[in-house]
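From first to last, the protein sequence lines stand for chains A and B.
Counting along the first sequence from 1, when you hit position 57 you're at 57 in the working numbering, and nothing is skipped either side.
Counting along the second sequence from 1, when you hit position 46 you're at 1046 in the working numbering, and nothing is skipped either side.
Among the hints, erroneous ones may be present.
Per the computed footprint, the stretches of chain A lying under chain B, defined by three or more beta-carbons under 8 Å from a beta-carbon of chain B, are [to be verified]:
#1 19-26
#2 113-125
Below, simulated DSS-like cross-link-like pairs (lysine-lysine); rule was C-alpha separation at most 30 Å, straight line [what the hints assert, rightly or not]:
#3 A:K45 with B:K1127
#4 B:K1061 with A:K132
#5 A:K222 with A:K132
#6 A:K18 with A:K222
#7 A:K133 with B:K1127
#8 B:K1061 with B:K1248
#9 B:K1022 with A:K45
#10 A:K57 with B:K1248
#11 B:K1248 with A:K14
#12 B:K1061 with A:K116
#13 B:K1127 with A:K70
#14 A:K14 with B:K1030
#15 A:K245 with A:K216
#16 B:K1022 with A:K116
#17 A:K14 with B:K1057
#18 A:K132 with A:K5
#19 A:K74 with A:K171
In case anyone wonders, no lab produced these hints; they're calculated from the structure.
Quick reminder that beta carbons are idealized off the backbone N, C-alpha and C, glycines included.
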Amino acid sequence: MIEIKSLYKSFEDKSVLKDINCVFENGKTNLIIGQSGSGKTVLMKCIVGLFRPTSGKILYDGRDLVCMNKNEWKLLRREMGMIFQSAALFDSMTVLENVMFPLDMFSNDSYQERVKRAQFCLDRVNLLDAQKKFPDEISGGMQKRVAIARAIALNPKYLFCDEPNSGLDPKTSLVIDELIHDITVDFNMTTIINTHDMNSVMGIGENILYIHEGIKEWQGTKDQIMNSTNERLNSFIFASDLFRKVKEANQ
Amino acid sequence: MQKYLTLHPSFYGIFTIFVCSKAILMFLSKSLSTFGKYLILMGRTFSRPERMRMFFKQYIKEMSQLGTNSIGIVLLISFFIGAVICIQIKLNIESPWMPKFITGYTTREIMLLEFSSSIMCLILAGKVGSNIASEIGTMRVTQQIDALEIMGVNSASYLILPKIAGMITMMPFLVCFSIFAGFVGAYATAVIGHIITIDDLTLGLQHDFNEWYVWMGVIKSIFFAFVITSVSAFYGYTVEGGSVEVGKASTNSVVSSSVLILFSDVLLTHLLS
Ligand SMILES: Nc1ncnc2c1ncn2[C@@H]1O[C@H](COP(=O)(O)OP(=O)(O)OP(=O)(O)O)[C@@H](O)[C@H]1O
Ligand SMILES: [Mg+2]
Chain A
1 MIEIKSLYKS
11 FEDKSVLKDI
21 NCVFENGKTN
31 LIIGQSGSGK
41 TVLMKCIVGL
51 FRPTSGKILY
61 DGRDLVCMNK
71 NEWKLLRREM
81 GMIFQSAALF
91 DSMTVLENVM
101 FPLDMFSNDS
111 YQERVKRAQF
121 CLDRVNLLDA
131 QKKFPDEISG
141 GMQKRVAIAR
151 AIALNPKYLF
161 CDEPNSGLDP
171 KTSLVIDELI
181 HDITVDFNMT
191 TIINTHDMNS
201 VMGIGENILY
211 IHEGIKEWQG
221 TKDQIMNSTN
231 ERLNSFIFAS
241 DLFRKVKEAN
251 Q
Chain B
1001 MQKYLTLHPS
1011 FYGIFTIFVC
1021 SKAILMFLSK
1031 SLSTFGKYLI
1041 LMGRTFSRPE
1051 RMRMFFKQYI
1061 KEMSQLGTNS
1071 IGIVLLISFF
1081 IGAVICIQIK
1091 LNIESPWMPK
1101 FITGYTTREI
1111 MLLEFSSSIM
1121 CLILAGKVGS
1131 NIASEIGTMR
1141 VTQQIDALEI
1151 MGVNSASYLI
1161 LPKIAGMITM
1171 MPFLVCFSIF
1181 AGFVGAYATA
1191 VIGHIITIDD
1201 LTLGLQHDFN
1211 EWYVWMGVIK
1221 SIFFAFVITS
1231 VSAFYGYTVE
1241 GGSVEVGKAS
1251 TNSVVSSSVL
1261 ILFSDVLLTH
1271 LLS
């Protein structure tokens, strides 16, 4: 469980996040949605500690990230996995080496065991065939899946995904979404996903946080979102014709 | 208009001094803050590697990528410079009043004292420096460094330390190769071009040999190896933005490390001789 308490973040004099309060629960896919430039990526980077918040608390099962010392910080990071917008695979390594990297770095298992674990993770994302290829030899969707495999290699408790399906076709997006959802349930992880893809919101949105210009505007589930009365949220969701029609059909 | 023209001339002088000193101060404070950031990065770089196994793997890789892959260009350039120095000295300096060994002697001293260490490192700053800066810079803009940090890896130490260590290990060998290739080049002018007799050249190369000069070149080159790798890694590591910035970082790293090599060459030469 990750709790965020009155989080503020500003760059020099530009304030990006204002008074964010929320709770992200275990075993659920938590979504952060919002327009481009609303501060989703900044919020996520604050949560994982790549940015230091201007003020506020970020509690990982009660442990405050902001005032941790170096060792606690290091231990916490081993419990995190992250998938970046651009997949961020190491391009000098093969797919298998990429997935093995966190194991090589942190686990004390023998070489065979590490290979086995990496292959298990690759199998989980259906990419065992591509293990000898380099990242630039596989498609964008496959790269995302390798990134997922790498993120779960060390059995993390917290999984973060920054726009996991940007630049992918609807069908591949669906595969990725379901993969993330299944993994979350299987391993009882706390998963936070940044997205502006309404399909994933409707598909896997168990807890949705809507951010508008750095302020938390709305929070709820995917069932509540269709009937919400928040004007800004509605104008965001029903910006697409398709969803407007779906809503009309529902009523 | 009239009003401005009636200002006392000294006003313009004072104004100019004021503007200049402000520019200089700004430049100084900027360089100081860059230097501070460099020191902080080096502090993070020189921490114990988390996994010795991974460190050695990277170390071997960097030795081959930065060192072994540079041997070709080192040999090529040194060979031709050795030959050219020999020809130039022979044609321009030698005269009946000069001793016979002068050509070989001068060639040797130039190769040992300056070319094989300092000039060679300037050339390598272009090859190796731009390579390191663009590699690390690309890793930065494609978020690979962020990915390392999230995993809890000390990215500075993991990426930069093997490069510095690998280059420092290989540099003395490169210097020796360079000296050797220079002499081969000089002999080539004797054997193929018949510019000078082989006996004269050998006499010159052996005349009044001071072993310390070789060590001096090696010591200087080790220092330069550190400058090249750490400075270009710094520029790459601190890239912000996209491919344009990576290009700029790569250029900046070559310029800065070249300038630093030239300055420290003066200092080191003074200290060591
Ligand atoms: N390092 C930074 N320095 C200064 N300002 C920044 C920085 N990073 C982000 N910002 C600002 O913060 C605001 C929010 O950016 P952010 O990247 O979080 O948007 P986003 O919601 O992720 O958008 P998108 O959906 O396009 O990815 C932007 O206005 C941006 O200019
Ligand atoms: Mg973003």
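Here is how each hint holds up against the structure:
| no. | hint | verdict |
| --- | --- | --- |
| 1 | 19-26 | violated (count 0) |
| 2 | 113-125 | violated (count 0) |
| 3 | A:K45 with B:K1127 | violated, 35 Å |
| 4 | B:K1061 with A:K132 | holds, 19 Å |
| 5 | A:K222 with A:K132 | violated, 39 Å |
| 6 | A:K18 with A:K222 | holds, 24 Å |
| 7 | A:K133 with B:K1127 | holds, 29 Å |
| 8 | B:K1061 with B:K1248 | holds, 26 Å |
| 9 | B:K1022 with A:K45 | violated, 38 Å |
| 10 | A:K57 with B:K1248 | violated, 38 Å |
| 11 | B:K1248 with A:K14 | holds, 27 Å |
| 12 | B:K1061 with A:K116 | holds, 25 Å |
| 13 | B:K1127 with A:K70 | violated, 37 Å |
| 14 | A:K14 with B:K1030 | holds, 23 Å |
| 15 | A:K245 with A:K216 | holds, 27 Å |
| 16 | B:K1022 with A:K116 | violated, 63 Å |
| 17 | A:K14 with B:K1057 | violated, 44 Å |
| 18 | A:K132 with A:K5 | violated, 44 Å |
| 19 | A:K74 with A:K171 | violated, 37 Å |
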